[in-house]
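Given next are the chains, with one letter for each unit.
2 protein chains.
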Amino acid sequence: MGRWKPDARGRLAQAALELFVERGYESTTVADIAARAGVTERTFFRHFADKREVLFGDPVEYNGVFTDAVAAAPADASPLDAAALALRAAGKWFEGRHPYARRRAAVIAAHPALQEREQVKRLHLTEAIAAALVARGTGEAAAALTAELTSVAFHQAFTRWVTADEESDLGDLAVGVLDELRALAC
Amino acid sequence: MGRWKPDARGRLAQAALELFVERGYESTTVADIAARAGVTERTFFRHFADKREVLFGDPVEYNGVFTDAVAAAPADASPLDAAALALRAAGKWFEGRHPYARRRAAVIAAHPALQEREQVKRLHLTEAIAAALVARGTGEAAAALTAELTSVAFHQAFTRWVTADEESDLGDLAVGVLDELRALAC
Chain A
165 MGRWKPDARG
175 RLAQAALELF
185 VERGYESTTV
195 ADIAARAGVT
205 ERTFFRHFAD
215 KREVLFGDPV
225 EYNGVFTDAV
235 AAAPADASPL
245 DAAALALRAA
255 GKWFEGRHPY
265 ARRRAAVIAA
275 HPALQEREQV
285 KRLHLTEAIA
295 AALVARGTGE
305 AAAALTAELT
315 SVAFHQAFTR
325 WVTADEESDL
335 GDLAVGVLDE
345 LRALAC
Chain B
165 MGRWKPDARG
175 RLAQAALELF
185 VERGYESTTV
195 ADIAARAGVT
205 ERTFFRHFAD
215 KREVLFGDPV
225 EYNGVFTDAV
235 AAAPADASPL
245 DAAALALRAA
255 GKWFEGRHPY
265 ARRRAAVIAA
275 HPALQEREQV
285 KRLHLTEAIA
295 AALVARGTGE
305 AAAALTAELT
315 SVAFHQAFTR
325 WVTADEESDL
335 GDLAVGVLDE
345 LRALAC
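Protein sequences appear in the order of chains A and B.
First residue of the first sequence: 165, per the working numbering; consecutive thereafter.
First residue of the second sequence: 165, per the working numbering; consecutive thereafter.
Any given hint might turn out to be false.
Identical copies go unnamed one by one, so any copy, or any two together, can satisfy a pair.
Keeping only pairs whose Cα atoms sit at most 35 Å apart, straight-line, the calculated DSBU-like set for lysine-lysine is [said to hold, decoys possible]:
hint	residue 1	residue 2
1	K215	K256
2	K215	K285
3	K285	K256
Since the hints were made in silico from the structure, they are not lab data.
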């Protein structure tokens, strides 16, 4: 399990996170973040529309982790089984990112504007998973509900993962939550 | 099924909705909304912090519709059965509000800033339901997941309700979605 090596976006996010913790979100400027990451403001704005966006990675890449796994699921997998494969893929993608994810979650929890943005990210992920399920033949209504269940499992597991000290496997946690949901509903 | 009689908050929301449809969200000011509702700007700001808030009712009242029903559920009701009672109560609360809810949903769908606010409203409702379940003895983890399932059922049903022409019963739709979730998960 290799350590995550950040690119320019990742370095800007790391720099922003350090500064938000040190000075607070409000008191940190885009210029501060760019300087800490060793890039120009212009580079910052090539990657992010504004300061609030810096803790939110490329949605195409992020949602793609889930939707590629759904698309690659065996043709005879049920929608929920395809969703479980997406949760495993997401767990793998987050390997090595636990320290960053923990600090990021703490900063987001402390700032309503960032919490809002996080909710929108979750909504877009849910919609992307639903679309991926429809693309493999699931009906619209079942796809929407399966995507919601996947999103619930992932975000509940993520909340447990970032509040845990030890680095447990996010994929295991998420599939475990899916089983808890089954137990509740059945 | 009586028609919903709006109070000052409701009149401001109705006025805002008309203006957002007529002129667009960006071009409408708080002064415009207050004038249309026949109140002063000061009255507007007694009820809402800013223009974005005007389509979002009192969260204590709104969340209370769900949480009061959870609290009033029979002691031997399972968490998910208590949740189903909350969905019925919410359906009842929305009776007579279908025309307003439809127009409101269309305006929200057209404005990312309002969609974000709607997601936050959903998050707070989910948290409130979880807290109500914990208060009646459900464990934290089961309460969080049951609240998420309730929220999924409600919001999926709500989406169907506001896109439907005829006034179907929102409570029936929501309990129906809960059954669909059960069928998917079991």
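These are the hints, each one checked on the structure:
1. K215 / K256: Within one copy only: 28 Å inside, 42 Å across.
2. K215 / K285: both (16 Å within a copy, 23 Å between copies)
3. K285 / K256: both (19 Å within a copy, 31 Å between copies)
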